[in-house]
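There are 2 protein chains.
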Amino acid sequence: MPTVDDDRSDGSPIGLHRVVDPPGALPQAAARLDASPEMWPDEVRISVERLNLDAASFRQLATKHADDPEAVRAEVLAIIEARGKMQNPVTGSGGMLIGVVDEVGPHSPLGLTVGDRVATLVSLSLTPLQITDGLLRWDGRSEQVPAAGSAVLFARSIAAVLPDDLPDELSMAVLDVCGAPALTARVVQGYLDRGHAPAVAVIGGAGKSGSMSLAAARRAGARRTLGVVPVQHEADVLRETRLCDEIALADARNPVALAAAVEAALGTRADITVVCVDVPGCEHGSILSTADGGTVIFFSMATSFSAAALGAEGVAADVTMLVGNGYLPGHAQLALDLLRADDALRTLFERRLAAD
Amino acid sequence: MPTVDDDRSDGSPIGLHRVVDPPGALPQAAARLDASPEMWPDEVRISVERLNLDAASFRQLATKHADDPEAVRAEVLAIIEARGKMQNPVTGSGGMLIGVVDEVGPHSPLGLTVGDRVATLVSLSLTPLQITDGLLRWDGRSEQVPAAGSAVLFARSIAAVLPDDLPDELSMAVLDVCGAPALTARVVQGYLDRGHAPAVAVIGGAGKSGSMSLAAARRAGARRTLGVVPVQHEADVLRETRLCDEIALADARNPVALAAAVEAALGTRADITVVCVDVPGCEHGSILSTADGGTVIFFSMATSFSAAALGAEGVAADVTMLVGNGYLPGHAQLALDLLRADDALRTLFERRLAAD
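Just so you know, the sequences run in chain order A and B. Taking this note's numbering, the leading residue of the first sequence gets 1, the next gets one more, and so forth. Taking this note's numbering, the leading residue of the second sequence gets 1001, the next gets one more, and so forth.
Think of the hints as simulated: they come from the structure by calculation, not from any bench. Among these hints, one or two may not hold up.
[Unchecked claim] Covered stretches of chain A (in silico footprint by chain B; criterion: 3 or more residues with CB under 8 Å from a CB of chain B, positions within the stretch not fixed): (1) 206 to 217; (2) 293 to 304; (3) 326 to 336.
Everything numeric in this text was worked out from a predicted model, so none of it was measured. We treat Cβ as the ideally placed atom computed from N, Cα and C, and that holds for glycine.
Starting from the given sequences, assemble the full structure and let the hints guide the process.
Spelled out as structure tokens, the structure:
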């Protein structure tokens, strides 16, 4: 079994020491990483159980190979072999993995213990990975890839210990969106620190990150919470959960309709608007829905930077606009705790998993 | 002379009442606005002196017409006639205008007076505009378009009175970037309110928005300021201005090099990193240059939302990332005051204008 090389000094906290090509690149931007299981003293090695390919990546591969599962499997293997990581060269995306901690370097700051079952919360697109079983247990037909091999975490990587009391799939779904409730809670707390309990609107409130954000906003002390959804069915689902005080129906891509719906439901614009819908064109509506001096948190990857910047300027909106950061200290624990504390939230997640 | 129609109630503060096609769109997204000089009671009408076309828009038109100035002029006229605003249908961008306030509706909240010479700080892409002189004084060869006609400001439009003590061109250059120093100053103040004088790094510190941000950071009470520039010539220019405590040379597109340069110059990562360089690929470097718990302000329109969001997550960076909003109350006055108070800053701007 490979172990830490005692002659080595610590690696780079962000993994620069594993970049083979081109030298000086960040691991995510690199063409090739050194994925050897031999460790630097501040690293952690994981024995891989399963890869979760990013949905966009799997779709691209399946389409390219006309849904021939053998060809998909062969290409995933070839990518990992060539790049030392699972990063789809077309989509640039990776995914995450589940495994068991195999060895912890003496200088690792991650607080992990050998035997911990963990999910990596940094992307596979920057995680050194070696596969040893040829992915033979994978049928090539889904994003869930049973696998054996080894992966490496750097000093600043992020991994969450999978809880015993929740099914893996449920934990993974929660961990996938755990940045949103954490940042929402922090922004709400900032308002409370200044003596003002905020009204919070979550656009896309019935989705995974949206429902989590609603639960987090309420628990953090929001004065009122509003979930905005596009269709009646989602409104019904959300109402059943009692996660928020108000529910409104609106197409988030229609700025005037969205702002009118928020204002009608809250009696005022929102102090904090959280954008959790993955469709383009929600920037102007979320800005118009937000009070002067308020905050918009963009969690949707479909957000256009320039549409947000120019949109606020175009309507003279004095709003603080945040790029949703997927990482905050303690974010995984906070999200898992929210789920455990609220049966309705858990039910909503379980239904979403069953429907996927 | 057209005047306010007394039978009308106020318009929409963001100009929805002027949208002809498609109904319900925001003025910026609209295909066509009603640009008639007849006013709603909360509007202001401006007698136009000059249009400043957006650089990207003018370039597109000049290229399309192989630099035939007559053809460029004819197309600008045709666009304004067809759309009721000057919005290049290919680039989507507009520009700004200078003119004299011609009439102020009784309910306008903008605080303008008939006879004020103003520059509009909202884009021409959403400003109702009629041209009455066929742009005959324009040679079609530059972005500066002498013009006669009328433009309309809504209740939430933004216009700055042009100061008597500065040349128009200089004022316009300052107003064009005035959001950056205002937001930088506000973020610095937020740190001071929490008892911590921040170290501020400005990437692209020798440019217009960058130099303004450095001046604003220092005046707001930053502990130390650092200007990062890509080439020695810019370092020399910036050193002469004495606008910042430290100067570093680095290619902002190289994350590792940028972070190393910032850390070497400040002895630590920055509390606040302001990104003012209009080249793609500066997200990761600016994140790595910022201390845990710090703030990155993205002012570059070349910023990629997803690169910022995923970049921070990929290196487990607990940083607050702000979309640079071009509007804050008082931003124009703050920027003009900064220029007046600092001869070196003024000289830098004048040189940039002469070089353009």
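Here is how each hint holds up against the structure:
Residues of the region 206 to 217 of chain A with a Cβ under 8 Å from some Cβ of chain B number 0, which does not satisfy the need for three, so the listed coverage is violated. Evaluation of the coverage hint for the region 293 to 304 of chain A: fulfilled, as 4 residues show C-beta separations to chain B shorter than 8 Å, against a requirement of three. Counting residues of the region 326 to 336 of chain A whose beta carbon lies closer than 8 Å to any beta carbon of chain B gives 4, which meets the minimum of three for the stated coverage.
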